[in-house]
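Whenever a hint applies, use it, and build me the whole structure from the sequences.
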Amino acid sequence: LAKTTQPISMDSYEGQEVNITCSHNNIATNDYITWYQQFPSQGPRFIIQGYKTKVTNEVASLFIPADRKSSTLSLPRVSLSDTAVYYCLVAPLVSGGYNKLIFGAGTRLAVHP
Amino acid sequence: NAGVMQNPRHLVRRRGQEARLRCSPMKGHSHVYWYRQLPEEGLKFMVYLQKENIIDESGMPKERFSAEFPKEGPSILRIQQVVRGDSAAYFCASSPGGDKSGTQYFGPGTRLLVL
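So the protein lines, in turn, are chains A and B.
All letters in the first sequence, in the order written, are residues 1 to 113 by my numbering.
All letters in the second sequence, in the order written, are residues 1001 to 1115 by my numbering.
Honestly, the hints are just simulated from the structure, not real lab data.
Treat the numbers as computed from the prediction; the structure is a model and nothing was measured.
Built from N, CA and C at the ideal position, the CB exists for glycine as well.
Wrong hints could be hidden among the right ones.
Straight-line C-alpha distance at most 30 Å; calculated DSS-like pairs for lysine-lysine [to be verified]: (1) A:K100 to B:K1062; (2) B:K1044 to A:K69; (3) A:K100 to B:K1051.
Examples of chain B residues toward chain A, derived with CB under 10 Å [unchecked claim]: (4) S1058; (5) F1091; (6) R1111.
Computed Cβ-Cβ distance ranges for the label pairs, DEER-style [unchecked claim]: (7) B:L1038 to A:D11: 38 to 48 Å; (8) B:L1038 to A:D67: 32 to 42 Å; (9) B:K1051 to A:L80: 35 to 45 Å; (10) A:P76 to B:E1040: 34 to 44 Å; (11) A:E14 to B:E1052: 44 to 54 Å; (12) A:V55 to B:P1039: 26 to 36 Å; (13) B:R1009 to A:E14: 26 to 36 Å; (14) B:V1012 to A:Q42: 12 to 22 Å; (15) A:Q16 to B:E1068: 46 to 56 Å; (16) B:M1005 to A:L80: 22 to 32 Å.
Here it is in structure tokens:
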């Protein structure tokens, strides 16, 4: 499974756009990129997933360059409630949907007033 | 549709006792995963189960830990003769299976404290 590297922590202010970049130099052809969010004392929550180019949903956008060796999670206009740990995961999607998730330490985002 | 349920949310055990953690997957989900998280660390995969079958237990310690997902009822993670190092948050996740996205839905976790 491809190893991921992301910043340990980031700080931002309410209303700003936050971009968290994840490096995955050894990503395989059949790997997908998935981001999860975890609040204190809660389980991780799926945010977004992509394979290439750009994916957008109601929560975030995910930018993936052509070489797929990195990806950037973009959170538009963050609020205090976006303070959480964000995990970047890279794994293949095997038949039947079985996906053993490998979590790194994640990026601790702190949003300030 | 209720999410993944875990109970208890907090569990205190003395060394040598047994801990039983329960997980009820989302309705319609037949795949269950267990993860362990130590403070300030990411989640570590333990075991993956389908109904009545253990598919992958590569992350499970070889001794004292066991998991099951019976035909009826919740999935159980059982830790025998607990030690202080077992203190952690244990998360269960479920997925529908056959879903291409492989998205897993996590429960709120059980925080185990071993005294």
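Legend entry - Earlier hints that do not hold, by number: 7, 10
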